[in-house]
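**Student:** Chain by chain, the residues run as shown.
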Amino acid sequence: MKYFIVACTALASPAFASSVDIVGNVAAKCVIQSAKAGVYGNPTADVLSTSPSDGGVLPVIRIDVAIADTYVANITYPTSFTSSPSLTDSVAWTGSTAVTQTSDAGMSGYDAAKTVAGSTTTYNLTIAGSTWFSTASTATYAVNKPFTGGTYVAQVTASCIPA
Amino acid sequence: MYTCIKIGSIILGLASSANAHEQTPAYPKMKYSHVKNIVKYELSLFNQREDVRYYQVALFDKDFNSMPFSTKYRIIKVDYKEKVNFDVYVRKSDLDEATYICTISKMVKERSSRPVIASMICSKIKEETK
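Residue numbers (our numbering), protein chains in the order written: chain A, 1 to 163; chain B, 164 to 293.
Just chain B, with the same shape it has in the complex (with noise of 0.2 Å):
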């Protein structure tokens, strides 16, 4: 019975040596807004994933649970070999708990036949910067 299963393609990465997820800076600095007690967070990222062109956009507290932030995409379409500048816009009363701004890699449903490795990049909002 199980020679009939089609296990050949059950794939948990792409055979390729040109996937990577990058994201600066890993300590971002706090800016102001132009919006009151809003600050702004800049970031860059840069894929080089061939079988990705979507990420998420997340701010976690320290255990990485969920936090309200502002983007202006929470999913960010990045084309292959392509860098994309963000802003992330937190409030300032959620300063003291906000921690990780992370983009996390997303595929869309029709490639899931052929599924990567999901790739999740953080930067670090330390306290010294707030």
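Chain A on its own, in the form it takes in the complex (with noise of 0.2 Å):
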């Protein structure tokens, strides 16, 4: 009889701990990514170009967003190397900045409502979601000069700043 008291006992208390809260928080985050590799083709002894055409490779740079409008994106093509053989002479630089994937169709809008100064192009990162960037670049040696044989180093910079 004791048993069976005890048992109905054990029976009848309430299931502790039968569910669990999971807690989850998306905070305003950027993340950069490098995608893809560049690479200059030298179609001429004095150019080095990124464009397909030249045999060069654009860089494609992705970011991620979390929450819409919360960043702005900066991307800046190079405008000088950061290493290279000794060149006696100056480098012309140009370049550009295209969006070419999207993860949201409503991010078709970027380009057209991108700002360029100089040699940075802004994007107002409306959408949450990634956005992949290419970046054409173009470094012309003096007029009739061929660039140095070696190895020629250059940078995009990408930045995330928050608005």
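In case anyone wonders, no lab produced these hints; they're calculated from the structure.
One or more of the hints may lead you astray.
Once the Cα atoms are required to be at most 25 Å apart in a straight line, the calculated BS3-like pairs of lysine-lysine come out as [said to hold, decoys possible]:
#: 1; chain 1: A; residue 1: Lys29; chain 2: B; residue 2: Lys194
#: 2; chain 1: B; residue 1: Lys240; chain 2: A; residue 2: Lys29
#: 3; chain 1: B; residue 1: Lys194; chain 2: B; residue 2: Lys255
#: 4; chain 1: A; residue 1: Lys114; chain 2: B; residue 2: Lys225
#: 5; chain 1: B; residue 1: Lys244; chain 2: B; residue 2: Lys289
#: 6; chain 1: A; residue 1: Lys29; chain 2: B; residue 2: Lys246
#: 7; chain 1: A; residue 1: Lys29; chain 2: B; residue 2: Lys225
#: 8; chain 1: A; residue 1: Lys29; chain 2: B; residue 2: Lys269
#: 9; chain 1: B; residue 1: Lys269; chain 2: B; residue 2: Lys194
With the Cβ distance kept under 7 Å, some of the chain B side facing chain A (calculated, not the full set) [stated by the list, open to error]:
#: 10; residue: Ala183
#: 11; residue: Glu185
#: 12; residue: Thr187
#: 13; residue: Ala221
#: 14; residue: Pro231
#: 15; residue: Ser233
#: 16; residue: Thr234
#: 17; residue: Ile280
#: 18; residue: Ala281
#: 19; residue: Ser282
#: 20; residue: Met283
#: 21; residue: Ile284
#: 22; residue: Cys285
#: 23; residue: Lys287
Since the model is a prediction, treat every value here as computed from it, not as a measurement.
The C-beta atom is built at its ideal place from N, Cα and C for all residues, glycine as well.
Grab the two chains, each in its own frame, and use the hints to assemble them into the complex.
**Tutor:** Structure representation (structure tokens):
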């Protein structure tokens, strides 16, 4: 009888810890990824270009934002070599940045809304998700002078700044 | 002549899908430090860039002019897939102008033969959090 009462008491007990909360928080966040390598082609003696038609490869940067309207992306094409053989003359730089892929159809207007100041292109990231940017870069050496033989290194800068 | 130029390794970025730089929070909250008239901001940096191990911490005003601040290390070593928390100390008298706390990827010189995209992520000190 004693054991029967104990068993009944146990069955009547409330079930503790029957539910566990999972709490999540989505906060404003920006992630910059270098999605694809860029390579300079050398179509003529005095030109280095990332354009595919010049034998180059456009570098691609992916920027992810978790919440809309919280970040501005600045992408700057190079205006100097970070390392190169010794050059005795000046190099003229040109470049541009464009959106090449998006995770949301609404981002298709980013290019139309971008602003360009010097070598920097600014995008307002008004939609949450991922955007892929490609940057074209061309370096032209002094007129009629071929680039000195060696390895040339340049750098694209991507920034994510809260609005 | 130009055919002699070794162009193959002129690269603007690394071909990797796991090359990410992440900093949170976007809008850090001011906290009082243990030193009078010095406030503190707590931030976190996550390095998913295989090619980068060092990040520089910087404080800027709204026009991206450098401002004085203090932190344990201005160049932080963050291994791949590692998260590092760091504090930035700012004088209360500088709070009116201090606007952006940023981390900037840095390359060691030996690796620069295979350069990467430089990344800079900022957090903004909002007026209401000062």
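**Student:** State for each hint whether it applies.
**Tutor:** So, going through the hints one by one against the coordinates:
1. Restraint check for A:Lys29 and B:Lys194: satisfied, since their Cα atoms lie roughly 21 Å apart, inside the 25 Å limit.
2. Taking the CA atoms of B:Lys240 and A:Lys29, the gap is near 21 Å; set against the 25 Å cutoff, the hint holds.
3. As the CA atoms of B:Lys194 and B:Lys255 are separated by approximately 11 Å, the hinted pair is consistent with the 25 Å bound.
4. For the hint pairing A:Lys114 with B:Lys225, the CA-to-CA distance comes to about 20 Å; that is within 25 Å, so the pair holds.
5. Distance check on the hinted pair: B:Lys244 and B:Lys289 sit about 29 Å apart at the alpha-carbon level, beyond 25 Å; violated.
6. A threshold of 25 Å between alpha carbons decides the hint, and for A:Lys29 with B:Lys246 the separation of about 15 Å falls inside it, so the pair holds.
7. Using a Cα cut-off of 25 Å, the hinted pair A:Lys29 and B:Lys225 holds, with the two alpha carbons roughly 20 Å apart.
8. Of the supplied pair hints, the one linking A:Lys29 and B:Lys269 holds, its CA atoms being roughly 21 Å apart against a limit of 25 Å.
9. At most 25 Å may separate the alpha-carbon atoms for a hinted pair to count; B:Lys269 and B:Lys194 exceed this at roughly 28 Å.
10. Annotation: interface hint on B:Ala183 holds; nearest CB of chain A at approximately 4 Å, less than 7 Å.
11. Proximity of B:Glu185 to chain A holds as hinted, the smallest CB-CB distance being about 5 Å (cut-off 7 Å).
12. Hint status for B:Thr187 relative to chain A: holds, with the closest Cβ pair at about 6 Å, below 7 Å.
13. The beta carbon of B:Ala221 is not positioned within 7 Å of any beta carbon in chain A (closest approach about 12 Å), and the interface hint is therefore violated.
14. The closest approach between the C-beta of B:Pro231 and any C-beta of chain A is roughly 20 Å, which is over the 7 Å cut-off, so the hint fails.
15. Nearest Cβ of chain A to the Cβ of B:Ser233: about 22 Å, over the 7 Å cut. The hint is violated.
16. A least Cβ separation of about 19 Å between B:Thr234 and chain A goes past the 7 Å threshold, and the interface hint is therefore violated.
17. For B:Ile280, the interface hint holds, since its Cβ comes within 7 Å of a Cβ in chain A; the closest pair sits about 4 Å apart.
18. Nearest Cβ of chain A to the Cβ of B:Ala281: about 4 Å, under the 7 Å cut. The hint holds.
19. For B:Ser282, the shortest C-beta to C-beta distance to chain A is roughly 4 Å, which falls under 7 Å, so the interface hint holds.
20. Taking 7 Å as the C-beta cut-off, the interface hint given for B:Met283 holds, the closest approach to chain A being about 4 Å.
21. Look at B:Ile284: its Cβ gets to within about 5 Å of chain A, closer than 7 Å, so that hint holds up.
22. Interface restraint check for B:Cys285: the shortest CB-CB distance to chain A comes to about 5 Å, inside 7 Å, so the restraint holds.
23. Contact between B:Lys287 and chain A, as hinted, is supported at the beta carbon level, the nearest pair being about 4 Å apart and thus within 7 Å.
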